[in-house]
Amino acid sequence: MFKKYYVIAILAILILSATGCQYLKSEEQIITGEVIEIGSTNTTIIEIKTDNETKPVKEENKTKEETFSKNIIKIEKVEGDLISLKPDAYDPDGDKVIYTFTEPFNKEGLWKTKEGDTGEYKVTITASDGKLSTSEEILVIVKPTNKPPIIQCPDEFKFKETDLINIDCKIYDLEGEEVLVKYSGWMSSSKYQSKYGDEGEHKVLISTQDKQNKTSQKEVIIKIEKLNRAPVVQDIKTITIEETETAQVIVNATDSDDDKLTIKYSEPLNSKGVWQTKLGDAGTYNTFAVVSDSESSVKKEFKIVVTQKNTAPTIKYIEPITVDEGDTITLPIDAVDREGDKLSVKIVGWMKTDKYTTTYDDAGKYTVIITVSDGVLSTSQTVNITVNNVNRAPVFKVPA
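In the numbering used here, the protein residues as written are 3 to 402.
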């Protein structure tokens, strides 16, 4: 019996030593152990270092955790640590002591924790000399290791040229630590005012770091669609021509995207922007030209002013005139000017004016030339006049 209790005492001391913390044996005494770190910082070997020194423990203001600690030993580690339980006990009879461990520890008392092992684990350690055995439970608490910052955002962003690009990502730290964010590659910050010529796919690397120097990265693609720029067309000035002249429109247009341009004209212009005027076309014409790059078009309105061309007056045709001697001849002059200019009339030939009373001596054939002028241009017409002879009765002369 003494042997069994002795082994239990040794095992309890070993477990207490593995926790690296204090365990209450009674209200007035504690047994301390020491945790010895061996190898990498994530590997912990726990072995016995007994200490018989007693220290008073106060019962005031005990927490639930402190009360629970009276009943079970706790070992606290973080994800990724290697926990090694190596009890160092002996048997008074010299028998070999064999230790067994429940999961998640292996038969050597080792457990390499990993990410996702966060939680509380009750582990039973049993010491046996082959005949008698004793067991003790410990509580292994695995706390989460510090995680790198989280970057949540799409793999691809789409914009158009001249858009304000905003890489809208949700970046946070699971432990609530402040996160340093850096952008590199095509952009040096989360925002960029794009411009014409930025069309294409661009890579941006988002890098984060917390205060524990945990880092994370995410590469995103920025796709920028070409934004068509409308042609640039200079204003078209008013075109002024005279009737019978040719109007030709010259359109000065450029395209910043080097797109091929087409130009369409409204009437009276033809497809080449040309109009051959004629008499009677005088007036003001509102017209326009449309310049297109197949996606965008620009309309430019302008005027074509056609002034009247001065033309010679016209004289209504006068038929040949036949009268008898003694009749009065009146020339039916009917002249007009298309431009409405004031006209002057000149008559030359057998008659000097537009009216003449023939005599009995005028029998014969005559011509009269009528000329009408607007001061610049003139028109003439020849009129044929026939005066018939009229028989007169004899006249007696009585001698005085």
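Do not rely on the hints blindly, as some may be mistaken.
To be verified - Straight line, CA to CA, 30 Å or less: simulated BS3-like cross-link-like pairs of lysine-lysine:
{"hint": "1", "residue 1": "Lys239", "residue 2": "Lys305"}
{"hint": "2", "residue 1": "Lys225", "residue 2": "Lys197"}
{"hint": "3", "residue 1": "Lys220", "residue 2": "Lys184"}
{"hint": "4", "residue 1": "Lys197", "residue 2": "Lys305"}
Just so you know, these hints were derived from the structure itself, not from any lab.
Legend entry - Contradicted hints - numbers only: 4
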